[in-house]
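Colleague: Next come the chains, spelled out residue by residue.
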Amino acid sequence: MGKSLFRFADALELAVVYAFCFFLNLLFNYVKVWDFNSYILKAFFKNFMDYQTLIVFFFTFIVIVFHYQMLYRKKIEVYCRVLVGDTVLYIAIRYIRDCLMVLTVIYLLFLLIHVHLKFCLTGNIFLVFIFIIYILISASQVRKYENF
Amino acid sequence: MKIFKFFITKIFLRKAILCISMFMLLCLANYTTFIASRSILSTLQGYQEIKCMNQEGIFIANLDPDSNIDMDIIGETGTRIVYDYLNSNHKYAFYTDGFMIAVPNDDDMEISLCYMNEGYYELNQFDISHGNDLFFDFQLDKEEAIPVLIGTGLSKTYPVGSTIIIDEPVLGRSVILKVQGVLKQNSCHSNFYALNSKSYYNFSIFMPVNQEFIENANIDLQLNGLMDLIILDTTKEKTEDLSRFMYDNLGLKFNFFSQEENFDYFNDYYLYSLKIIAITTLILLVVITCISIWNALVSIRLMMKDFTINLLVGLSYSRLRRIFYSYFGILFGVNLLVISSITALNRYECWLRKDATFVTYGLFGLIGMDWLALLVVLFSDIIIGMIVVESMLRKIKKIPISLGVLQ
Amino acid sequence: MTDIINLSIKEKVYQDKKTKLSILNDFKLEVHAGEKIAIVGESGVGKSSLLNIIGLLDMDYIGEYALWNTPTGKVRGKEMARWRNEKIGFVLQESALINSLTIEDNIKLPLLYAESTKKKLRLEDYEKVVDEIGIRSILKKKPLECSGGQRSRAVFARGIIMKPEIILSDEPTASLDVENRERIVNLLFHMNKEFNTTIITVTHDLEVANRHDRVIRLERR
Numbered sequence: 000m001g002k003s004l005f006r007f008a009d010a011l012e013l014a015v016v017y018a019f020c021f022f023l024n025l026l027f028n029y030v031k032v033w034d035f036n037s038y039i040l041k042a043f044f045k046n047f048m049d050y051q052t053l054i055v056f057f058f059t060f061i062v063i064v065f066h067y068q069m070l071y072r073k074k075i076e077v078y079c080r081v082l083v084g085d086t087v088l089y090i091a092i093r094y095i096r097d098c099l100m101v102l103t104v105i106y107l108l109f110l111l112i113h114v115h116l117k118f119c120l121t122g123n124i125f126l127v128f129i130f131i132i133y134i135l136i137s138a139s140q141v142r143k144y145e146n147f
Numbered sequence: 000m001k002i003f004k005f006f007i008t009k010i011f012l013r014k015a016i017l018c019i020s021m022f023m024l025l026c027l028a029n030y031t032t033f034i035a036s037r038s039i040l041s042t043l044q045g046y047q048e049i050k051c052m053n054q055e056g057i058f059i060a061n062l063d064p065d066s067n068i069d070m071d072i073i074g075e076t077g078t079r080i081v082y083d084y085l086n087s088n089h090k091y092a093f094y095t096d097g098f099m100i101a102v103p104n105d106d107d108m109e110i111s112l113c114y115m116n117e118g119y120y121e122l123n124q125f126d127i128s129h130g131n132d133l134f135f136d137f138q139l140d141k142e143e144a145i146p147v148l149i150g151t152g153l154s155k156t157y158p159v160g161s162t163i164i165i166d167e168p169v170l171g172r173s174v175i176l177k178v179q180g181v182l183k184q185n186s187c188h189s190n191f192y193a194l195n196s197k198s199y200y201n202f203s204i205f206m207p208v209n210q211e212f213i214e215n216a217n218i219d220l221q222l223n224g225l226m227d228l229i230i231l232d233t234t235k236e237k238t239e240d241l242s243r244f245m246y247d248n249l250g251l252k253f254n255f256f257s258q259e260e261n262f263d264y265f266n267d268y269y270l271y272s273l274k275i276i277a278i279t280t281l282i283l284l285v286v287i288t289c290i291s292i293w294n295a296l297v298s299i300r301l302m303m304k305d306f307t308i309n310l311l312v313g314l315s316y317s318r319l320r321r322i323f324y325s326y327f328g329i330l331f332g333v334n335l336l337v338i339s340s341i342t343a344l345n346r347y348e349c350w351l352r353k354d355a356t357f358v359t360y361g362l363f364g365l366i367g368m369d370w371l372a373l374l375v376v377l378f379s380d381i382i383i384g385m386i387v388v389e390s391m392l393r394k395i396k397k398i399p400i401s402l403g404v405l406q
Numbered sequence: 000m001t002d003i004i005n006l007s008i009k010e011k012v013y014q015d016k017k018t019k020l021s022i023l024n025d026f027k028l029e030v031h032a033g034e035k036i037a038i039v040g041e042s043g044v045g046k047s048s049l050l051n052i053i054g055l056l057d058m059d060y061i062g063e064y065a066l067w068n069t070p071t072g073k074v075r076g077k078e079m080a081r082w083r084n085e086k087i088g089f090v091l092q093e094s095a096l097i098n099s100l101t102i103e104d105n106i107k108l109p110l111l112y113a114e115s116t117k118k119k120l121r122l123e124d125y126e127k128v129v130d131e132i133g134i135r136s137i138l139k140k141k142p143l144e145c146s147g148g149q150r151s152r153a154v155f156a157r158g159i160i161m162k163p164e165i166i167l168s169d170e171p172t173a174s175l176d177v178e179n180r181e182r183i184v185n186l187l188f189h190m191n192k193e194f195n196t197t198i199i200t201v202t203h204d205l206e207v208a209n210r211h212d213r214v215i216r217l218e219r220r
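Top line first, the protein sequences correspond to chains A, B and C.
For the record, in the first sequence the residue sitting at position 64 is 63 according to numbering that gives the first Met the number 0, with numbers rising by one throughout.
For the record, in the second sequence the residue sitting at position 212 is 211 according to numbering that gives the first Met the number 0, with numbers rising by one throughout.
For the record, in the third sequence the residue sitting at position 57 is 56 according to numbering that gives the first Met the number 0, with numbers rising by one throughout.
To be clear, the hints were calculated from the coordinates, so they are not data collected in a lab.
Model, not experiment: these values are computed from the prediction.
Among these hints, one or two may not hold up.
[Said to hold, decoys possible] Ranges of calculated distance between the beta carbons of each label pair, as one might list FRET restraints:
1. B:K353 to A:R142: 44 to 50 Å
2. C:K139 to B:I398: 19 to 25 Å
3. B:L336 to C:K16: 29 to 35 Å
4. C:W67 to A:V114: 56 to 62 Å
5. C:W67 to B:I400: 44 to 50 Å
6. C:D104 to A:T52: 40 to 46 Å
7. C:A173 to B:G313: 41 to 47 Å
8. A:F125 to B:M0: 41 to 47 Å
9. B:S340 to C:K139: 56 to 62 Å
10. C:K139 to B:R318: 38 to 44 Å
[Unchecked claim] Dumping the calculated DSSO-like pairs for lysine-lysine here, alpha-carbon to alpha-carbon at most 30 Å:
11. C:K117 to B:K4
12. B:K304 to B:K90
13. C:K127 to A:K143
14. B:K304 to A:K74
15. A:K143 to C:K192
16. B:K252 to B:K50
17. C:K73 to C:K35
18. C:K141 to A:K2
19. B:K14 to A:K143
20. A:K74 to C:K16
21. A:K74 to C:K19
22. C:K27 to C:K162
23. B:K1 to B:K353
24. A:K74 to C:K192
25. A:K74 to B:K394
26. C:K35 to C:K16
27. A:K45 to B:K50
28. C:K17 to C:K35
29. C:K118 to A:K2
30. A:K143 to C:K27
31. B:K304 to C:K73
32. B:K4 to A:K45
33. C:K162 to C:K73
34. C:K141 to B:K304
35. C:K16 to B:K14
36. C:K140 to C:K119
37. A:K74 to C:K117
38. B:K1 to B:K397
39. C:K77 to A:K74
40. B:K14 to C:K19
C-beta atoms are modelled at their ideal positions from N, C-alpha and C, and glycine is treated no differently.
The task is simple: from the sequences and hints, build the whole structure.
Modeller: Below, the structure written as structure tokens:
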């Protein structure tokens, strides 16, 4: 038991959620360079490729769900930690740190895959920015659970 | 109804993020299913269309991909010799389109001219909503009007029996057209090599083409007509002779594919593509369903207390099941509405762009294929809904009411 | 005797879009070190809110509050957290436990935030506290696997493990049977007698309230 709100299962769940979004984006990038040799397939995938950013963005909502449910479940824990000598600020900082750590690990993993597949390395950057924004917004919600 | 309203307003919507994320996931699932089923339906529809051409003794021409069109070599004499050869040795179906002209009409659309000979017309059996069939034994005389069929969109301005004067682009002079009949709404033509790609005839004029017409037409029509040429009642040997003849006179290598070869092509190319589409869609749907289940179980985890307190005070599991189904019914309903609206908007965009080959008519702007695809989406929604709702209920039943209330 | 708590509240307001609730109007409280105070009153008069203010969990009120002669308005958040860790113990209702941790981890939670020297000392006391409260058998269990009474005792153990100068307890005996109620009350008073711990208890149980040095009745105005 540490000072973090994250248990191993939580970190793993977050990693899987991040990995899914990165994987989806990677899949789009892969399909983009795929030589279909079929007009039907090209036309079919075009319906998705044209909206790549929007579709990936839609899927990033599962990250919001993760943050939301995680903090909601931890509201008593936040309160208890504050009771016994922690502060909301430190809890939030540790929360941001842990999320960023998981994000960094997954991002680096997918960066390696991008390098391996010789894809543009900046292809996933927009997701990192979106996730950082989600982390910061969710961290600000920690204050909500100071008193339960 | 009162309980359902209570659950929606006081429980589900109070955790709006979960509702929004579920909505988005279902939206993606619906979009995927819709696009996939429309692609498959459109391809199958196209296949039905070319089925009438894919018969024994019919060979379809295809310009060899390695051939280069050199207009200096081809020339008008070359194409005329080829047509003379065709007229003497073969029965053939001739079709070419994409010649745009300006004809005054209520919708201010540019009109597409589609040229076809009797062989092609008979092969395709176009449906006519009113008026008569096209005939081809007209004299290409300045005084005589050419009988034509027109698309539904033009029928308001030009009813059956009326005449249209146009500057004929391939004859290079002004001609009078007489409206012989009106094509059925949304009549269309699928690209031979991309069956899911359609050109609609709502703002088209079907121009009958006979030997005399081809002889008087410019090289554009003559050459384009050769690209999709269909040779009827023939043999492999005879098409090989024709191919050689065309190569000698035009410098272009044409391949002629038999029914067997076209069938193989369908199996190798279309069926393969359709399989990939089906498998991709299935994988996407499974993934989205799994994420939806995860999202639903997260909702249960967070709303457990609300659910169990209601169970504690008398709500039955069967009633809760009905509430969940109604809730997902609403989500799916809104989703279907969104997808229908987007599709209708896309179709309406063609009207705004004045894109004559893509404008369509339909109930609420959607054509039959869209409605069929929506039906498939509805079916997939029912399956996804059942999986998600039953997973939610299983989760709720697994947690004793006492423990749930405590949480 | 010196006052350790000097609290003067003009008003504490709870407000949402539709309603505004004002409680603890012109409320004053002075508490000496080692005093045992019971706070009684009907539901909604602000008993728990008062505990939150005293325990530095709620700073959103109009008034002045000095704790150990230090105006709390001037104390930084980090220092307040240290006070909550070392000097103030909270004994709340049974639900104030982290369900994903074992009872042992829940009880040891304050040690996580303690300075290392104090941590060692308190770890030595831990075994004694566990036995005194009678919860050794449930240490490896998770809160939802325990009875209400066991959970209440675990919350109590967590509240006293740091040997705080002030114990703030909110209905500490609410879900306990007579035997366990006596055990908890005796332990609270034992802390008071042995270590001069100040006890402030919010309770509906008048019998428990009357055993304190002073009973403060909060009334709605």
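Colleague: All the hints need checking, so say for each whether the structure fits it.
Modeller: These are the hints, each one checked on the structure:
1. B:K353 to A:R142: 44 to 50 Å: At 56 Å between Cβs, range violated.
2. C:K139 to B:I398: 19 to 25 Å: 22 Å, holds
3. B:L336 to C:K16: 29 to 35 Å: 31 Å, holds
4. C:W67 to A:V114: 56 to 62 Å: For V114 of chain A against W67 of chain C, whose Cβ atoms are near 59 Å apart, the range 56 to 62 Å holds.
5. C:W67 to B:I400: 44 to 50 Å: Taking Cβ atoms as reference, W67 of chain C and I400 of chain B lie about 47 Å apart, which means the hint holds.
6. C:D104 to A:T52: 40 to 46 Å: 44 Å, holds
7. C:A173 to B:G313: 41 to 47 Å: At roughly 27 Å between Cβ atoms, G313 of chain B and A173 of chain C fall outside 41 to 47 Å, so the hint is violated.
8. A:F125 to B:M0: 41 to 47 Å: 44 Å, holds
9. B:S340 to C:K139: 56 to 62 Å: 57 Å, holds
10. C:K139 to B:R318: 38 to 44 Å: At 40 Å between Cβs, range holds.
11. C:K117 to B:K4: Not OK: K117 of chain C and K4 of chain B at ~55 Å, beyond 30 Å, violated.
12. B:K304 to B:K90: Violated - the C-alpha atoms of K90 of chain B and K304 of chain B are around 78 Å apart, more than 30 Å.
13. C:K127 to A:K143: 36 Å, violated
14. B:K304 to A:K74: 15 Å, holds
15. A:K143 to C:K192: 38 Å, violated
16. B:K252 to B:K50: 25 Å, holds
17. C:K73 to C:K35: Roughly 27 Å separates the two Cα atoms, so the pair holds.
18. C:K141 to A:K2: Distance ~18 Å between K141 of chain C and K2 of chain A Cα, so the pair holds.
19. B:K14 to A:K143: Holds, at roughly 15 Å.
20. A:K74 to C:K16: 23 Å, holds
21. A:K74 to C:K19: Cα-Cα ~25 Å, so holds.
22. C:K27 to C:K162: Within the cut-off at roughly 27 Å; holds.
23. B:K1 to B:K353: Distance of about 49 Å is beyond 30 Å: violated.
24. A:K74 to C:K192: Measuring from Cα to Cα gives roughly 35 Å; hence the hint is violated.
25. A:K74 to B:K394: 22 Å, holds
26. C:K35 to C:K16: Violated, at about 39 Å.
27. A:K45 to B:K50: OK: K45 of chain A and K50 of chain B at ~27 Å, within 30 Å.
28. C:K17 to C:K35: 39 Å, violated
29. C:K118 to A:K2: Status holds; Cα separation ~15 Å.
30. A:K143 to C:K27: Distance ~29 Å between K143 of chain A and K27 of chain C Cα, so the pair holds.
31. B:K304 to C:K73: 40 Å, violated
32. B:K4 to A:K45: 41 Å, violated
33. C:K162 to C:K73: Given that 30 Å is the threshold and the Cα spacing comes to 25 Å, the pair holds.
34. C:K141 to B:K304: Holds - the C-alpha atoms of K304 of chain B and K141 of chain C are around 19 Å apart, at most 30 Å.
35. C:K16 to B:K14: Within the cut-off at roughly 19 Å; holds.
36. C:K140 to C:K119: Since the Cα atoms of K140 of chain C and K119 of chain C sit roughly 24 Å apart, the hinted pair holds (cutoff 30 Å).
37. A:K74 to C:K117: At roughly 28 Å apart (the allowed maximum being 30 Å), K117 of chain C and K74 of chain A satisfy the hint.
38. B:K1 to B:K397: Answer holds: K1 of chain B to K397 of chain B is near 27 Å, not above 30 Å.
39. C:K77 to A:K74: Holds, at roughly 20 Å.
40. B:K14 to C:K19: 25 Å, holds
Hint check: violations occur at hints 1, 7, 11, 12, 13, 15, 23, 24, 26, 28, 31 and 32; the rest are consistent with the structure.
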